[in-house]
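**Student:** Each chain is listed here by its residues.
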Amino acid sequence: MSALYLRLSTLTGLTVRDLLRQNVLYLILIPAALTLLTLPLFTALTFEEQIKFMRDFCYGTMSIFGLFLAIIATAQSLSNDLEQKTIFTILAKPLNRWEYLVSKGMGIGLILFFALTILTVLSAGLFAYQEKSLLEAAIGNATHPLSSQELQRFSDQLWSPALLMAVLILYLKLILMVGFTLLFSTVASSSLFTIFTSLMIYLIGHLQSTAREWVMGSEGLSVGMKWVVGLLSVILPDMSFYEGAERILLGATPGLSYLIPPLGYTFFNLLWILGLSTWIFESREFR
Amino acid sequence: MKIVFCLLLLILGFWGKRFFEEIKPQPELNAYLPLGKRFEQQLIRGVLGGWRPVVADIAWLRVTTSWENRQWNRLYENVRIATRTQPESLLFWDMGAWHLAWNASLAERNNRLEARIEVRKEKELYWAEKGKNLLEEGTIYHPTHFKLWLQLGLLHQERRHDYVSAYECFLKSSQFNGAPSYVARMAGYALEKQGDPAAVLNYWEKLLEKSPDRPDRGLIEKRLLKLKKETTLDPLKPIP
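Taken in sequence, the protein lines are chains A and B.
With our numbering, letter number 56 in the first sequence gets 56, and the count goes up by one each step, no holes.
Basically our numbering = 1-based index in the second sequence + 1000.
Chain B extracted, bound-state conformation (with noise of 0.2 Å):
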């Protein structure tokens, strides 16, 4: 009797369990990523249980540290542990890039203990490039966030001057949920800088096609109708 009771309870538990098992709502934390990194990620959940978290932000609090005391390879140390540690936490990543491509970059280009423009110019580019692959690295645990793309196009516009990567991560950028109008417009502005008029024209009137009750309408008009101008193109006939 006490076994068939031991019996029903172990059945019962385990076809509840696999039940559970088998609905589960939510994709785990990490679940897109490749195998080998989401087991990286488990085991560091395992090892150091709860105080994961607590490491990345202790780590992410030296990073502030090393930005005041100018200790940039330190700073990046750092970066990499909090983004590693929690790579789920999009602040690390974001500002991460931030001090690298911009603080740690424009710092070594100003650095005037360095007598070398070259080598400033050097040392500049190679934090930019930091920065960059920072923020690649970023969209891959954050493939649908805007934020990371937004700021990798803006770091491609103003640090690399690549104006064809700073647009497709714009507009990339302008896809997800939560983007602001602003980033739709960032992509036609980098789109401008590719000197294609015919493109541009094209951009701005698809974007407004696409949504009508956009809150930036006006701005785009103004713009569409001074770029119409500047081309030479007739405002009223369809654009080639």
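Pulled out of the complex, with its shape left as it was, chain A reads as follows (with noise of 0.2 Å):
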């Protein structure tokens, strides 16, 4: 158990290292960063509307610049193993594939996590001070001064520990998209072919479970269409699992149960890739 705890940390490890080397965290980070600065140029009418932006546009940074870094990063990161022929060295290795696999997983997921703690200090940062601004203006408007209870919703909607809890659910969307991403690494040769399909990916698992409702409910569907659909449904990411961190940036203030499902349904997810993904690159062969 130490020997493979070893084995998956050592490897870890280096992925991050490779990551960090390679400037995709720093080329994603800096811009989502900046992006975020920019947040004190866009002044809403009401507080309610300032709360509502201040929000959105944080979570929307994060969201994109994370689904690119999680894309990106694991993309590059088999290819770049395989163009430099790294990976012969560490399949020479006591090693098994699979801990190959999951050792590439946890170092993107690593970064990932680094990068949504970065942002997410930056927004608290921002959100403090987008707060002291506002409060200013607040007590100096002479015609519709602020109370005290005003004052307090407000400060209790903008600091909101659910928020943390949608930057949770978030983070678990991401690492779903790695697994997704790493499983097409495992076939594909080209990076390129890698985004490109772990973007559709992403399109397709919003529209999922729309479109298998759709085509189940519909009449004249033969039984084959119908398993055909059935199968992709159960390959296919349903992304509407992560929908409850839009909940949270509407206003709700669920519990700690609400983690259960996008959590429950992200590790079952990878399971599965890994199973699959595992399969496949066994099969591989390296010259």
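Some hints could be false.
Claimed, not checked - Looking from chain A toward chain B, a few residues come up when the C-beta cut is under 10 Å (computed):
| # | residue |
| --- | --- |
| 1 | Phe-53 |
| 2 | Ala-188 |
| 3 | Leu-192 |
| 4 | Ile-204 |
| 5 | Glu-243 |
| 6 | Tyr-265 |
| 7 | Trp-272 |
As the list claims (entries may be wrong) - Calculated pairs, DSSO-like style, for lysine-lysine (alpha carbon to alpha carbon, straight line, at most 27 Å):
| # | chain 1 | residue 1 | chain 2 | residue 2 |
| --- | --- | --- | --- | --- |
| 8 | B | Lys-1193 | B | Lys-1226 |
| 9 | B | Lys-1222 | B | Lys-1193 |
| 10 | A | Lys-226 | B | Lys-1024 |
| 11 | B | Lys-1210 | B | Lys-1228 |
| 12 | B | Lys-1193 | B | Lys-1228 |
| 13 | B | Lys-1024 | B | Lys-1037 |
| 14 | B | Lys-1210 | B | Lys-1226 |
| 15 | A | Lys-93 | B | Lys-1002 |
| 16 | B | Lys-1002 | A | Lys-85 |
| 17 | B | Lys-1024 | B | Lys-1002 |
| 18 | A | Lys-226 | B | Lys-1037 |
| 19 | B | Lys-1226 | B | Lys-1206 |
Derived by calculation from the structure, the hints in this document are not laboratory data.
No experiment lies behind these values; they were computed from the predicted model shown.
Virtual Cβ for every residue (Gly too), placed ideally from N, Cα, C.
Quick one: dock chain against chain with the hints and give me the complex.
**Tutor:** Structure below.
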């Protein structure tokens, strides 16, 4: 067990170092941070609108740049090992191929966690700055001074702990995308193909549940076709599991049990993805 | 051995995935919408990703500037973009309809640059109708939220003087969670304007009967007494 832990941690560390060396993290994290810093340029009319905008903007930035980081870093990671032939050195060691894949995923997961943490801290800083300037403006407003109740409500909405849960749900969604990208990387030789396919999967994942319902509910569809659709729905991800983050942004304040469905769904998806990608990776020959 | 391991992972993964799909606790956002509209929403969500609410918010910021510049058509376009991109946000429907049915409509009524009164009246009604249509569409996306039904009732009452529709909307609004107690009273006032005293008295009595611990019980009792006097009905006798 300790040998397995040692192998996994060493390979995970190598993946992290490799990703840092490739500058993928900085190339995505810096534009994301710069985008976040433009937040004070947008001012809305009411407090309610302003809070909504601040939440949406920070979450949107994390979501988009996080998705790019998850897909690009994963697609680059495996193909780089192949291009630079480092995979030969690694696989020549007494190491299972599933261990290699798991450590790749874990390394990218760590990088994602690090990136989201930085963006969350930056967002919190911006929230504090915006809160201060908004409150100053409100106190100076002679026509409509804010009551202490309004101030409290504003502060509560802005600093809701549920927002952290939204970031966690986003992290789970990105981890699922890492899994899918890793699966495509084991088949494809081009990282561009992997990136494009993963983005398609992301889009299809959003449409899956509605499309499945529509196809299954339509009359005149052959049993064979329904089987195909059923099979596709088993393989394709259902992104509606991660809609909880959007609910939180709209003002929902759920308990911790809210995390169980996306957590469980991500875990079991990663299991079958690992099974299939190991199967493919085992049968692949490297020359 | 390795294939067995992979197969085990595959089976366990698919089983777990199906299990979670079956016990999925909450309906999807907009799950009650017709499939076409849901598909549209999921497509927007997939294409814009996390930027979907941001796009809606930026359109909303443009609504505010259009309002300040009195560009009503531009305002309407941006309200539509915001409501289409993020229909789950109640704010866009509520405030968007307010801009159209009140701000734009009243600005057209008081537009001194237009000398013809009938044109002003026509434009006033045009924007009031746009606001009404927007709220009605909003109630498809938020069928159980009291706020939009309340706004729709107010719009029918104040802008269209349609007290029958106003009563129906207020009544509906009062039945949903979170509705303030005054909404049920507003339904009563709208009913009073329809000119059927027996129905009004019946409504107020039933309201008190249904929820005797209402915070506005005193107000309703006073109203009831006043109405009974006005309609020359014996306050001690039951309502016919």
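**Student:** Against each hint, give a clear statement of whether it holds in the structure.
**Tutor:** Status of the hints after comparison with the structure:
no.	hint	result
1	Phe-53	holds (5 Å)
2	Ala-188	violated (19 Å)
3	Leu-192	violated (20 Å)
4	Ile-204	holds (8 Å)
5	Glu-243	holds (5 Å)
6	Tyr-265	holds (4 Å)
7	Trp-272	holds (3 Å)
8	B/Lys-1193 x B/Lys-1226	holds (15 Å)
9	B/Lys-1222 x B/Lys-1193	holds (18 Å)
10	A/Lys-226 x B/Lys-1024	holds (22 Å)
11	B/Lys-1210 x B/Lys-1228	holds (20 Å)
12	B/Lys-1193 x B/Lys-1228	holds (15 Å)
13	B/Lys-1024 x B/Lys-1037	holds (22 Å)
14	B/Lys-1210 x B/Lys-1226	holds (21 Å)
15	A/Lys-93 x B/Lys-1002	holds (17 Å)
16	B/Lys-1002 x A/Lys-85	holds (24 Å)
17	B/Lys-1024 x B/Lys-1002	violated (33 Å)
18	A/Lys-226 x B/Lys-1037	holds (23 Å)
19	B/Lys-1226 x B/Lys-1206	holds (17 Å)
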